[in-house]
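A.B. asks: Required output: the full structure, derived from the provided sequences and hints.
Using UniProt numbering, the first residue of the sequence shown is number 1, and each one after it goes up by one.
Read the hints as simulated data drawn from the structure, not as lab findings. Quantities reported herein were computed from a predicted structural model and do not represent experimental measurements. Among the clues, some could well be false.
Once the Cα atoms are required to be at most 25 angstroms apart in a straight line, the calculated DSS-like pairs of lysine-lysine come out as [stated by the list, open to error]:
(1) Lys89 <-> Lys39
(2) Lys35 <-> Lys89
(3) Lys147 <-> Lys35
(4) Lys147 <-> Lys39
(5) Lys76 <-> Lys89
Distance windows between CB atoms, simulated [as the list claims (entries may be wrong)]:
(6) Glu3 <-> Asn30: 27 to 37 angstroms
(7) Ile4 <-> Ser34: 18 to 28 angstroms
(8) Gly84 <-> His21: 22 to 32 angstroms
(9) Thr102 <-> Arg45: 14 to 24 angstroms
(10) Ser58 <-> Thr162: 23 to 33 angstroms
(11) Ser58 <-> Gly95: 18 to 28 angstroms
(12) Asp145 <-> Thr102: 17 to 27 angstroms
(13) Arg69 <-> Asp93: 32 to 42 angstroms
(14) Gly84 <-> Arg45: 40 to 50 angstroms
(15) Ala117 <-> Arg9: 22 to 32 angstroms
For glycine and all other residues, C-beta sits at the position ideal for the given N, C-alpha and C.
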Amino acid sequence: MTEIHEDQRVAVLADSQNLYHSAQSVYSRNVDYSKMLEKAVMGRRLTRAIAYVIRADSPDEESFFEALRDIGFETKIKDIKTFGDGSKKADWDVGISLDAVTLADHVDTLVLCSGDADFSRLCSHLRHEGVRVEVVAFEESAAADLKAAADSFIDMSEREDTFLL
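C.D. replies: Okay, structure coming up:
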């Protein structure tokens with residue numbers, strides 16, 4: 001495991017849908033992205049911060065996207081898809097994974113803000129490539145496989161007054 005030091009180049013990738021649903025289902029609150037980014041970086045050199053968001057035409061989403069940009073996140077926005085039967089789907093799993101693999105040659109540490117088990121194999125791959133992988137998520141909704149695949153896990157539930165609005 002790579003030691004943490006101030007010259008470490010860090011990328012932070014935030015799966016906003018996963019974080020939103022976790023915070024809402026467990027606490028009925030929202031994530032404080034500013035505090036989350038600060039904790040994820042931990043005084044190291046931030047190379048890139050990306051928040052992956054879904055546009056669902058809700059009233060406050062544009063101000064949320066703007067707030068993320070003001071904090072320092074680049075936003076990647078995907079429109080929600082509605083199917084003929086009325087069901088809806090939108091996720092960024094492939095996009096997050098592609099960006100993580102692309103960034104691997106440019107960072108020492110990748111911080112994945114998500115509890116989604118689908119990223120377990122990604123974490124294993126990045127570690128094999130020599131990238132330190134840290135996961136930031138809520139214990140109650142973080143997959144055991146994901147936590148096991150990472151070098152470290154930061155439980156947002158342990159500091160709900162810090163990480164939640």
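A.B. asks: The structure should be examined with respect to each hint, and the outcome stated for every one.
C.D. replies: Here is what the structure says about each hint:
1. Lys89 <-> Lys39: Distance of about 30 angstroms is beyond 25 angstroms: violated.
2. Lys35 <-> Lys89: The hint is violated at about 29 angstroms.
3. Lys147 <-> Lys35: 21 angstroms, holds
4. Lys147 <-> Lys39: Distance of about 17 angstroms is within 25 angstroms: holds.
5. Lys76 <-> Lys89: Status holds; Cα separation ~16 angstroms.
6. Glu3 <-> Asn30: 27 to 37 angstroms: 33 angstroms, holds
7. Ile4 <-> Ser34: 18 to 28 angstroms: Holds: the Cβ-Cβ distance is about 21 angstroms, inside 18 to 28 angstroms.
8. Gly84 <-> His21: 22 to 32 angstroms: 25 angstroms, holds
9. Thr102 <-> Arg45: 14 to 24 angstroms: 18 angstroms, holds
10. Ser58 <-> Thr162: 23 to 33 angstroms: For Ser58 and Thr162 the Cβ distance comes to about 26 angstroms; the hint holds.
11. Ser58 <-> Gly95: 18 to 28 angstroms: 21 angstroms, holds
12. Asp145 <-> Thr102: 17 to 27 angstroms: 23 angstroms, holds
13. Arg69 <-> Asp93: 32 to 42 angstroms: About 23 angstroms separates the Cβ atoms of Arg69 and Asp93, which means 32 to 42 angstroms is violated.
14. Gly84 <-> Arg45: 40 to 50 angstroms: This hint holds: roughly 48 angstroms between Cβ atoms.
15. Ala117 <-> Arg9: 22 to 32 angstroms: Distance hint for Ala117, Arg9 holds at roughly 27 angstroms.
This entry does not satisfy hints 1, 2, 13, going by the numbered hints stated previously.
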